[in-house]
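Number of protein chains: 2
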Amino acid sequence: MKQKINLKLLGVIFSVLMTFYGQAQPPRGPYVVSPKVNPDKSVTFSYLAPNATNVLLDGGQFGAANVPMTKNAEGVWSVTFGPIKPDIYPYGFKVDGITVNDPANTYLFPNERFKGSLVEIPGDTPAVYALKNVPHGTISYELYPGIEGSTGTFVIYTPPGYTKNTKTKYPVYYLISGTTDTEETFWKVGKVNLMLDNMIAEGKAKPMIVVMPYGNPMARIAEQTGKEKPSDVMSRDGDDALKRMKLFENDLVKHVIPFVEKNYRTIPNRDNRAIGGFSRGGGQTLRTAFNNVDKFAYVCSYASYISPAEMDKNFTNITADPAKTNKDFKLLWSGIGTEDFLYKGTTEWENYLKEKKINVKTFAIPGGHTWMNVKQYLNETLPVLFK
Amino acid sequence: MKQKINLKLLGVIFSVLMTFYGQAQPPRGPYVVSPKVNPDKSVTFSYLAPNATNVLLDGGQFGAANVPMTKNAEGVWSVTFGPIKPDIYPYGFKVDGITVNDPANTYLFPNERFKGSLVEIPGDTPAVYALKNVPHGTISYELYPGIEGSTGTFVIYTPPGYTKNTKTKYPVYYLISGTTDTEETFWKVGKVNLMLDNMIAEGKAKPMIVVMPYGNPMARIAEQTGKEKPSDVMSRDGDDALKRMKLFENDLVKHVIPFVEKNYRTIPNRDNRAIGGFSRGGGQTLRTAFNNVDKFAYVCSYASYISPAEMDKNFTNITADPAKTNKDFKLLWSGIGTEDFLYKGTTEWENYLKEKKINVKTFAIPGGHTWMNVKQYLNETLPVLFK
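Heads up: the protein sequence lines correspond to chains A and B, in order. For the first sequence, the working numbering gives the first residue as 1, with consecutive numbering after it. For the second sequence, the working numbering gives the first residue as 1001, with consecutive numbering after it.
To be clear, the hints were calculated from the coordinates, so they are not data collected in a lab. Be aware that a few hints might be false.
Derived DSBU-like pairs (lysine-lysine); straight-line CA-CA distance at most 35 Å [said to hold, decoys possible]:
(1) B:Lys1295 x A:Lys164
(2) B:Lys1295 x B:Lys1313
(3) A:Lys243 x B:Lys1132
(4) A:Lys71 x B:Lys1243
(5) B:Lys1357 x A:Lys132
(6) B:Lys1036 x A:Lys246
(7) A:Lys387 x A:Lys262
(8) A:Lys36 x B:Lys1254
(9) B:Lys1254 x A:Lys164
(10) A:Lys324 x A:Lys204
(11) A:Lys262 x B:Lys1227
(12) B:Lys1262 x B:Lys1324
(13) A:Lys167 x B:Lys1206
(14) A:Lys132 x B:Lys1071
(15) A:Lys327 x A:Lys204
(16) B:Lys1324 x A:Lys132
(17) A:Lys164 x B:Lys1071
(18) A:Lys206 x B:Lys1071
(19) A:Lys262 x B:Lys1243
(20) A:Lys375 x B:Lys1246
(21) B:Lys1167 x A:Lys169
(22) B:Lys1167 x A:Lys295
(23) A:Lys132 x A:Lys387
(24) A:Lys254 x B:Lys1227
(25) B:Lys1204 x B:Lys1357
(26) A:Lys132 x B:Lys1204
(27) B:Lys1169 x A:Lys227
(28) B:Lys1375 x B:Lys1262
(29) B:Lys1354 x B:Lys1262
(30) A:Lys132 x B:Lys1036
(31) B:Lys1041 x B:Lys1375
(32) B:Lys1330 x A:Lys243
(33) A:Lys262 x B:Lys1167
(34) B:Lys1254 x A:Lys204
(35) A:Lys356 x A:Lys330
(36) A:Lys295 x B:Lys1164
(37) A:Lys357 x A:Lys246
(38) A:Lys246 x A:Lys354
(39) A:Lys36 x B:Lys1246
Work out the full structure: start from the sequences and follow the hints.
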């Protein structure tokens, strides 16, 4: 039976409920459904703003930067854009010049700074990151005794069957998100959990645990001590950046890893530890791996690098004996988009390694510094870890 | 060593990074820290909007509805408000009439409709929901085979030591959030995990599992089948509302509970199952409990009720034999705020039960239909479950 829904009535009821939720300035008026993915892969975006004079769709990552929307009689602005290439994208609206996310959409991009909404356009065949009818792993949030007396936070994926196969021990991938991302971003945007569910079901990836640490423990310390919260944004070079990288590294190596290995069934040796990350997380990955060669055998840099100058200054341990390094690292992987603003630096670093006779597996694809690309890097690397 | 941070430079770097994150219209200009909780419990809120003509703080739940903010030379609007009574509150900004959350604040209120930011004002002594140095439980996200072939989602809290005490079985509290809330709201806003960590550490509550289902499985089905997403808002009465309540009940009883009892170490009998919820979740709680007396011995309604007319029509199984009902339910608990818009209906229902000689433990406190009040209801009920 098809249910008839009186959208206008729902809107009124909604307004009443929202008032009592005490939410400041609740949307009033008709009930808005947004985004609506259409069968032809176009998407209809809608936003209620009866009094606005100009509303734009703000979806630069799918080619919809500043697309004008039109208002209907009820004050709902909308536009249908596309077809859009199947993927998961952030978007928002510009309402009289003010950037907002989509209040009708539950799914947000977890980030310290921007609060974009997320839209997924499914393909004709399910993507590698699609929710499929396969056994699912579990995502958990842990609090652990972190650096400088803080309580740290990380997210952890345990593979399907983890709870049942109570004798099985698993390798662990430590996977670090980018500047201003949070410990939630790799699963809520990167979909690493669904990708592994699918890959494990098809026998394409080894069952593994994935630990997603929070990349900026200085901010966590400040939150908990009432100190001024430091910037979660930093330059990628310079002493301050390196100091923070070191703090992260110490937290990971001295706090996160011991906690994980104490509380989860892991195989606690370097051949069964991988480390990877995106953007700042890629920088943290490389420095942590190069400073702790005894700890990680698999290293994946997603859109990041270390400058040749810093390599020469700090990481001669890696370059001095390439045969040893090539034996130590079962995988040293570097992926980058050709439109990524870090493309030049990344290729310079890759070439530097090659000149030094260090084996590095490189992967360049179209695209920018985006999480659409990150999913492609995951798709390349997850199947080759621990093999 | 105190670090000097060049906020202006950081802002510029941030803008560059954000551009490459592809985020539409990133904030540009100085690096904003917001909210900043001051030692006197006032809070300084800041928002970057050089071109706005009017920015208001939108924090009605702490008495700051439409408080004007002032702009500095760099285009940052700010206001210091308070002292504010220690608690966790939602807030946002009204920028030239457009409601936005705080882009500088990581913490958002998980909700299908509004996207408020959250600020916590700590008290002089740590609140019962404060992060303390005690053993912590784990929050996990599960995907389960849900109703009508959908993949359902719930969040689950396992108590400290769950992983280690591999023989121990636990009672389970099924805890349902309100209209437009999500399965995340009871932990990210209600802090039920930290409350239980603290109460268990002090011996005040029994170690228990808490399962937080998603309250609107119809929407989940629609999402996954590509059907028009139905409203997540509904009237609390009427056939449509009751049909959805029934769908939820079936999903909980036939899918969630069996999945939990198969995959977690529970004590699978009615004396070790509790059910509770807030607002719509309270309505779902009462109907599910009254339709499944064999399943739950503890029932907690947080700001909700069933009308006497519906009780008379559908729940004579509860009222016909009060002695049996009073024996069946080890706890039937109803909490409400005296300013809650459901106060009148709730007290009418409580009085109806009392006239029918049904034991109901009632709890009325100041406050509205808010999550500040929900934490107080949790504080009252968690210690008395399973005892």
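Now the hints, each set against the structure:
1. B:Lys1295 x A:Lys164: holds, 25 Å
2. B:Lys1295 x B:Lys1313: The hint holds at about 22 Å.
3. A:Lys243 x B:Lys1132: OK: Lys243 (chain A) and Lys1132 (chain B) at ~28 Å, within 35 Å.
4. A:Lys71 x B:Lys1243: holds, 34 Å
5. B:Lys1357 x A:Lys132: violated, 50 Å
6. B:Lys1036 x A:Lys246: Since the Cα atoms of Lys1036 (chain B) and Lys246 (chain A) sit roughly 27 Å apart, the hinted pair holds (cutoff 35 Å).
7. A:Lys387 x A:Lys262: Holds - the C-alpha atoms of Lys262 (chain A) and Lys387 (chain A) are around 24 Å apart, at most 35 Å.
8. A:Lys36 x B:Lys1254: Measuring from Cα to Cα gives roughly 30 Å; hence the hint holds.
9. B:Lys1254 x A:Lys164: holds, 21 Å
10. A:Lys324 x A:Lys204: Given pair Lys324 (chain A), Lys204 (chain A) holds - Cα atoms ~29 Å apart, limit 35 Å.
11. A:Lys262 x B:Lys1227: Not satisfied, since the Cα-Cα distance of roughly 45 Å exceeds 35 Å.
12. B:Lys1262 x B:Lys1324: holds, 30 Å
13. A:Lys167 x B:Lys1206: Since the Cα atoms of Lys167 (chain A) and Lys1206 (chain B) sit roughly 29 Å apart, the hinted pair holds (cutoff 35 Å).
14. A:Lys132 x B:Lys1071: Distance of about 50 Å is beyond 35 Å: violated.
15. A:Lys327 x A:Lys204: holds, 24 Å
16. B:Lys1324 x A:Lys132: The given pair, whose Cα atoms are some 46 Å apart, is violated under the 35 Å limit.
17. A:Lys164 x B:Lys1071: violated, 58 Å
18. A:Lys206 x B:Lys1071: violated, 55 Å
19. A:Lys262 x B:Lys1243: violated, 47 Å
20. A:Lys375 x B:Lys1246: It is violated: about 39 Å lies between the C-alpha atoms, which goes past 35 Å.
21. B:Lys1167 x A:Lys169: With a Cα-Cα distance of about 19 Å, the restraint between Lys1167 (chain B) and Lys169 (chain A) holds, given a limit of 35 Å.
22. B:Lys1167 x A:Lys295: holds, 33 Å
23. A:Lys132 x A:Lys387: holds, 25 Å
24. A:Lys254 x B:Lys1227: Status violated; Cα separation ~48 Å.
25. B:Lys1204 x B:Lys1357: With Cα atoms ~30 Å apart, Lys1204 (chain B) and Lys1357 (chain B) stay inside 35 Å; holds.
26. A:Lys132 x B:Lys1204: violated, 42 Å
27. B:Lys1169 x A:Lys227: violated, 41 Å
28. B:Lys1375 x B:Lys1262: holds, 30 Å
29. B:Lys1354 x B:Lys1262: violated, 38 Å
30. A:Lys132 x B:Lys1036: violated, 43 Å
31. B:Lys1041 x B:Lys1375: holds, 20 Å
32. B:Lys1330 x A:Lys243: violated, 57 Å
33. A:Lys262 x B:Lys1167: Measuring from Cα to Cα gives roughly 18 Å; hence the hint holds.
34. B:Lys1254 x A:Lys204: holds, 33 Å
35. A:Lys356 x A:Lys330: Holds, at about 17 Å.
36. A:Lys295 x B:Lys1164: Given pair Lys295 (chain A), Lys1164 (chain B) holds - Cα atoms ~25 Å apart, limit 35 Å.
37. A:Lys357 x A:Lys246: Holds. Lys357 (chain A) to Lys246 (chain A) sits at ~27 Å (cutoff 35 Å).
38. A:Lys246 x A:Lys354: Holds - the C-alpha atoms of Lys354 (chain A) and Lys246 (chain A) are around 26 Å apart, at most 35 Å.
39. A:Lys36 x B:Lys1246: Holds, at about 27 Å.
Hint check: violations occur at hints 5, 11, 14, 16, 17, 18, 19, 20, 24, 26, 27, 29, 30 and 32; the rest are consistent with the structure.
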